[in-house]
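Chains as they are written, first to last, in the working numbering: chain A, 1 to 692; chain B, 1 to 581.
No lab work stands behind these hints: they were computed from the structure.
Hints are supplied without guarantee of correctness; some may be wrong.
To be verified - Listed below are the simulated DSS-like cross-link pairs for lysine-lysine, each with C-alpha atoms no more than 30 Å apart in a straight line:
| id | chain 1 | residue 1 | chain 2 | residue 2 |
| --- | --- | --- | --- | --- |
| 1 | B | K428 | A | K649 |
| 2 | A | K216 | B | K290 |
| 3 | B | K34 | A | K216 |
| 4 | B | K428 | A | K34 |
| 5 | A | K510 | A | K459 |
| 6 | A | K216 | B | K215 |
| 7 | B | K530 | A | K510 |
| 8 | B | K203 | A | K216 |
| 9 | A | K216 | B | K162 |
| 10 | B | K64 | A | K510 |
| 11 | B | K207 | A | K216 |
In this text, all values refer to a predicted model and were calculated from it rather than measured experimentally.
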Amino acid sequence: MDTLHKSKSLFEPSIVGPAIIDSIKKLDPRHHIKNPVMFVVLVGSIFTTGLYIQALLGHGEAPASFILSITLWLWFTLIFANFSEAMAEGRGKAQAASLRKARKDILAKKLSKPEHGSAYEKIPASKLRKQDIVIVEAGDIIPMDGEIIEGIASVDESAITGESAPVIRESGGDRSAVTGGTRVLSDWIIVRVSANPGETFLDHMIAMVEGAKRQKTPNEIALSILLAVFTLIFLLATVTLLPFSIYSITSAGHGAQVTVTVLVALLVCLIPTTIGGLLPAIGIAGMDRMIQANVIATSGRAVEAAGDVDVLLLDKTGTVTLGNRQAVSFIPTKNISVKALADAAQLASLSDETPEGRSVVILAKEKYGIRERQIHELNARFIPFSAQTRMSGVDLGDGRQIRKGSSDAIEEYVKKLDGSFPEDLKTEIASIARNGGTPLVVTEQKNVLGVIQLKDVVKGGIKERFAELRSMGIKTIMITGDNPLTAAAIAVEAGMDDFLAQATPETKLKLIRDMQTGGRLVAMTGDGTNDAPALAQADVAVAMNTGTQAAKEAGNMIDLDSNPTKLIEVVKIGKQLLITRGSLTTFSISNDISKYFAIIPAAFAGTYPALKVLNIMHLATPESAVLSAVIFNALIIVFLIPLALRGVKYKPMPANRLLRDNLLVYGVGGIIAPFIGIKLIDMILVALNLVR
Amino acid sequence: MISNNIIQSGIFLFVLVLAAKPLGIYMARIYEGKPAGINTWFGWLERWIYRFANINPEISMSWKTYAVAMMFFNMFGILVVYVLQRLQSILPLNPMSISSVAPDLAFNTAVSFATNTNWQSYGGETTLSYFSQMVGLTVQNFVSAATGMAVLVALIRGFVQKQVETIGNFWVDLVRSTLYILIPLALILSLVLVSQGVVQTFKPYTKVTVLQPVKDSNGNMIEEQVLALGPAASQVAIKQLGTNGGGFFNVNSAHPFENPTALSNFLEVLAILLISAALCYTFGVIVRDKRQGWALLAAMLIIFIPCLLFCIHMEQNGNPLLNNLGINQKTSALQSGGNMEGKESRFGIASSAIWATATTAASNGSVNSMHDSYMPLGGMIPMWLMQLGEVIFGGVGSGLYGMIAFVIIAVFIAGLMIGRTPEYLVKKIESYEMKMASLMILIPPIIVLVGTATAVILTQGRQAILNPGPHGFSEVLYAFSSAGNNNGSAFAGLSTNNIFYNIALGIAMFFARYWLAIPTLAIAGSLSKKKLVPATQGTLPTHTLLFIIFLVMIVLIVGALTFLPALALGPIVEHLMLVGT
């Protein structure tokens, strides 16, 4: 990740400035109507503003200065909440702006016929439509998303991926999709446009990071309902206090009625403003974190679903194992020394530039001390692998002919030369295959020397990651084209729960469907067109950016780094999003206990002085108590903005422990923190002589 | 005597938990249609009822049909009880020739008994004939309890069934609850009660000569007393078991003919919580995870036990005003000590406080002492237990489905905190369930707060208050807490037999019952349609101590935060003023 997606410091001045202006603009009631908690605060603020004006005119229910301070802090509460949202959006907007740079209005070379060399006219890219054919030559910017129908080119996609190394794009196969706004560095390609202006990948991406098309996710809706219910309950609890207070005074025969200002203050303190105010920011920041991880999610719903995933389908190659097999041991047949076998194997592989071949040379050197020789010094001739012989090898100057290949190819070769394939080797070969390895038999003419054991090398540290996933309750399934024996062995070695061997698009699709019928949520990665059906079926489908258009369209996320292990990151981010919401909800509600102890004795001190006993924080005066609670309520939003934007820290662990830890921090912490905070604010108010 | 309080509470809880398991297993077998003795012997009767009523027991209903059947049956019940009271004077079994009941009171009483509330704005012996008590009220005592159990069973099925559109047959659930659970238990209990001296007769009230003649306020000598009688035992048994609570006599189970001995008292108070506690176990059995049932029972006990001990403590401590006068309220060989006002000396502090706590934890509402006479904080416990939404045991059936609504809220918040869409008992909890569960926790506080506020504003509401100051406020708050949570116990000290209270409380009871039952059925329907989600390491276990405590916190916080301001103006300030003076 470089320039484009580098993570920005949380409070970067270029974002904070516009965010402050935005948070004032967002005071518009139309903006708040969607968020019942903050809407109540807005109405309350307007109400107390009215009370303040009334007090100025001389009919105030309380001193004008007191009403003013409450009113101001209620407005601050709103502005702080807006600020958190504007901050989250601002980070997205900054990214969108740099993406937009890639979308300069460029001229496209529209071809009259889909052939190289035919005439073209130059038209603005914005005039292109689906199915138009364009030619893009070295140095040109690709005008629109499309599919290469002819040609091959190296393309600089850094504008989208932030990855500066060029990638190869060619017609046919899995690398035929190109993205508008990227630049062709060499050669030429003919592209069939696959999106209309405004619908391109870049457009989607810009809309996404700006949060413009953000829809509420199912969990967010459920949480909004819960918050609305709490708001309604507290609204009733405070509104009914007015008649209760009036009755209390009539029956006690003395005392002052609770002021509406105090009731509004109590209401705003009780309703879950902390989570209500930060909720939009948390959602936007979640998307933002995905983008930081170079993953573009097509919807917030997908991000959230990622947290719920309980089955991960991972391709073996590139995800579980390094791309290539490596030689791990030499097993000679009877009467042959290991050294002789290693020597022959090395000779046969000297000119074999495949990773497998190189690994044989390395193994021979490291384990048996056979130094590397130069093939021309030996006066030898390299016999490359061919589909007919299914062997490769070397013919040495002294007449030795060494061959290596799969066991049945060598067996055939040996039999032709009237040799026989040693029986003891067959058992070795079977056992290698059973353990997930690939046997490569080495022979010198008709004398079979032994077998090289090639093995898939499981990526370092991957086993621990799978163990982590298992502790989160996520099952990992390896997808491979290998036979079941090999697949099983690798799955065991990598610590995966299950595997699908000899996978085809159909078996993959069926596996996903079966899992879903069993109530599981499935995530997978894919890049090829043949992955598209399975991607479309999976609940969370991460398509590689290098993949085909079909795969990208079928997925609901695109990984710009095209890194299959990214899925694990995606799951984490999804979970973190939910955890942040849950923790702040708990925190917000836990806060209420202390606020009661601050406001109730203050509110009714005029009616029932005996209630002063409940002022356990010993707040100086009723005014300072109410004001301190309101100030705390507003400031806590600001303090929690970094947490909302960054997300609660998440380490994979069993559910019960995770709940316990978060409850201790946000539940118990949420009960204790405001007692301290309110008391501190009260002390400051008194020290500064700001309250009576 | 402190040890006496602890021993009594301990024995009570021990027997309760002990009895919950076998009864829970029995009820699970009844609802699952497995042979359990009585249902094989009386299967012919059940089948005959279906044939007679033209019901096809094989048909499973959608949640909406189920709700319509439930509402139809209950509306019909309200109508019948109303008509019976209005025509009382011309109906049989009225040896004392009691006149017909006024329309507002008849409405209130009809709603009260059909909703399993049993709020009584009347005195049984002076208002209702034997016929009204038996055919009207006792029948409703059975079927209103059975309705609650039916709704619960439908909800439990929602957790067990997968991908079906239906939630069971209301009529079958109703008949089985009544026939195999309520009637046998009530029969056994009423026989034992009769053995203890609870009356069961159709004879008219008798006149007896008093042992110690007294002068009344006019100076007339009183030498004779009328003893009210009637078929009490049969009604007392079911009013306890079915969390109904409507006494045969005005003073309910403080009356010696309803509750004569220590044994009858123990059995009656046990009966209050018995079915509600056992249903937790039934729940565990039917969902094939008994730990889930124990977990809910544990959550209830975690709230119940401290409330009980606190209530006993406040009462045993006595009245500080009496201490100031130099009166000895200490426990000694000669006196039980503590605040004995409004308590039967037969029962004393512990038995009264256990009853008061149990009857309000469960939505029973029967009393063996006068809650109005409790110390302010002692009386706050029963009020607060009702305000928690009647989920600590609660009504038979309704208590547990109310608790499950809280569980849904709890798993939702807990689910978010561990980063997963919440699940409970292998079903995903989504926004529809959240909507309905939110409705269920929202309705009772609305009713209580709005009702109380209306009453203290209106003159009709205020005139009925007999005590001034915070205590008077507590009386109104208690009445609406009781009606708004279908409890039915009264704080007394409030003359509620007038048009305002009869109508207002009637409406409160109606909404508190059905606006909770219908969302419950909606949840049942929605859950039934869902797939089962297999549990994994990432699934939050809902039987652990951690989750139980979390659930308790959610119940307490919703209850406490909603009502703390109101309680501060009632019992809390009353207590502080009492201590302060």
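Check: So which of those numbered hints doesn't the model satisfy?
Finding: Per hint list: 2, 3, 6, 8, 10 and 11 violated.
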